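Protein sequence lines correspond, in order, to chains Y and C.
First residue of the first sequence? That's 0 in numbering that gives the first Met the number 0, and the numbers climb one at a time after it.
First residue of the second sequence? That's 0 in numbering that gives the first Met the number 0, and the numbers climb one at a time after it.
Hints listed in this document are in silico derivations from the structure and should not be mistaken for laboratory results.
Quantities reported herein were computed from a predicted structural model and do not represent experimental measurements.
Be aware that a few hints might be false.
30 Å max Cα-Cα, derived DSBU-like pairs, lysine-lysine [stated by the list, open to error]:
| hint | chain 1 | residue 1 | chain 2 | residue 2 |
| --- | --- | --- | --- | --- |
| 1 | C | K282 | C | K246 |
| 2 | C | K293 | C | K283 |
| 3 | Y | K8 | C | K246 |
| 4 | C | K293 | C | K246 |
| 5 | C | K293 | Y | K8 |
| 6 | C | K293 | Y | K7 |
| 7 | C | K283 | C | K246 |
| 8 | C | K282 | C | K293 |
So you can see what is in the structure, the chains are spelled out below.
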Amino acid sequence: MTLDFLYKKDFWAGVMLIAAGALAMFLARNYTFGTALRMGPGYFPVVLGALLILFGLYILATGLRSSEMLTGSWSLRALIILPLSLVLFGALIESAGFVPAMLVLIFGSATASTEFRFLEVLLFSVFLTALCAAVFVYALGLPYPLFADLF
Amino acid sequence: MDLFNNLIFGFGVAISLQNLIYCLIGVTVGTLIGVLPGIGPLGTIAMLMPITYSVSPVSALIMLAGIYYGAQYGGSTTAILVNLPGETSAVMTCIDGYQMARQGRAGPALAIAALGSFFAGTVGTLLIALAGPPLAEVALKFGSPEYFSLMLMGLVAAAVLAQGDMVKSLAMVVLGLLLGIVGTDVNTGVQRFTFGVTELSDGIGFIVVAVGVFAIGEIINNLGETEERRVFTAKVTNLWPTRDDFKRSIGPILRGTGLGAFFGVLPGTGPAIASFASYMVEKKLAADPSRFGKGAIEGVAAPEAANNADAQCKFIPMLTLGLPASGVMALMLGALQIQGIQPGPEVMTLRPDLFWGLIASMWIGNAMLVVLNLPLIGLWVKLLQVPYRLLFPAIMAFSAIGIYSVNSSAFEIYLTALFGVIGFVCMRLGFPLAPMLLGYVLGPMMEENLRRSMLTAGGDPTVFVRRPLSLTFVIATVLILIVMLAPAVRSRRGEITG
């Protein structure tokens, strides 16, 4: 028995679907299932969850027999930095204001690229933040303070 | 003639200086947000709705409508140039449009998209005026079973038409349906899948899902690719399509307009289904289907005409029945109600200025859009020639503002980040994302109609095959599945898409 399957694309595709379906069915366990006549809030989720598990099993089974591997390069850096930048934006716009949130979001996400250039990105962040402040806060009147401390 | 007089009356309303200005503002904003990925008409209309409180209902509706169909024009620009659909409706345009751009034929792709959209918009506008009332009467006969069967057909069709593994597409539809369940159950008030989070009691925002998987997930995926496909450097030199391009496009535009108009009238089906269907039809009709996905101009002309015709015709159920056929139409309905107008069949007789004025303004708006788009394409191209290392942080910024402006909710920003990761993982594992979004949008409506059907039929599931209209949709669904799952087609399909 080899561990080859751990590198097979559809092994993980199947696992993901089974996990999602199982989670849905687990979460829906306390919702009233009801009958076909009077479907409860649990009917649709349970049926869909079961369907998802079936799809997952099928893909898993065919995936184990196929030779398609997880290939291609991907960027762990982008996968961590981009969501993190968004989270920082969400936290900052409520606590520090529009300008700091935008600067951190733009500069932060730019570091996800391997072609990142410090000075260029810095200037670009300032420019884009000013532009967004002009368009969204002044012209369109979104009610966000530019700097929370000043208000 | 009644129609003629009504249209004259409508133009009289639409051509007033105030309404012309609101129309121009609407279509300009629409093009802008359509071009910029991550900001869709849904968020923009929601954002600008407070501004319309102080103007007349006609002007308000004219402007909001302009944003909506203007975005259909702008959306194709981004789809072709950066392979990013601002909305689901542009997904199909990405496939061949972006390939054309990579081959240095972005100009003709953009021109055909705009001209096809204009033609479809003109026809769509005429259709609302001409066939609106009778078509609405047919739709009026639909009961819950028909709606359910129709949505089922739409979803199955959309899933099997999507590129890639069919089983994975269907699984994504189911996943989307599950995502649509999140929130308060309308029938019982039970909170489902909300984990006790109050922000989730109204469900996951459409924009959160769309921007998360299509903008953020795509960026994460792009940054991992070693291939230099993301830097767009092709020059758009020759804008005008060749004679051959025109010859190839006329048929697809006509058929796309027809399909778009058909799907547009049916509630529950979004412009994405119309685009999918028209793309599929062209691929089927083509002498050499293998050209599709490699820069076939038919693959741009048909879905672009279809989504614009669909966008125009979506107004038919909203204006004549008071039935929102999509999220945007629900917002329009809300805008009317705020103005003190109860949407429904009476609007046409009680407020003819509203109905006919809006129709006339749509044609004027479509004409403005061609002028705005074709000569200004150079400007949009310049906007999009920014290197990707600077473009993607800008997309992140616009996405974040777009989402935050809907509910001023930091939670939705976090949720978008999560959907970005989910979208990336799905892409890595070979799952197509468009079917998920469709399932998500239709999920709540499907469940509602299923429950209502079963209740009125006394729990008898044969209700779906006992009613002729519903039976038609069920048979079509089964046929689609059988044809696509047939081993011969399947292996051939593998050659085409794989």
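Do the hints match the structure? See the list:
1. C:K282 - C:K246: Distance of about 16 Å is within 30 Å: holds.
2. C:K293 - C:K283: Distance ~15 Å between C:K293 and C:K283 Cα, so the pair holds.
3. Y:K8 - C:K246: Not satisfied, since the Cα-Cα distance of roughly 43 Å exceeds 30 Å.
4. C:K293 - C:K246: 18 Å, holds
5. C:K293 - Y:K8: Cα-Cα ~25 Å, so holds.
6. C:K293 - Y:K7: 28 Å, holds
7. C:K283 - C:K246: Satisfied, since the Cα-Cα distance of roughly 18 Å is no more than 30 Å.
8. C:K282 - C:K293: With a Cα-Cα distance of about 12 Å, the restraint between C:K282 and C:K293 holds, given a limit of 30 Å.
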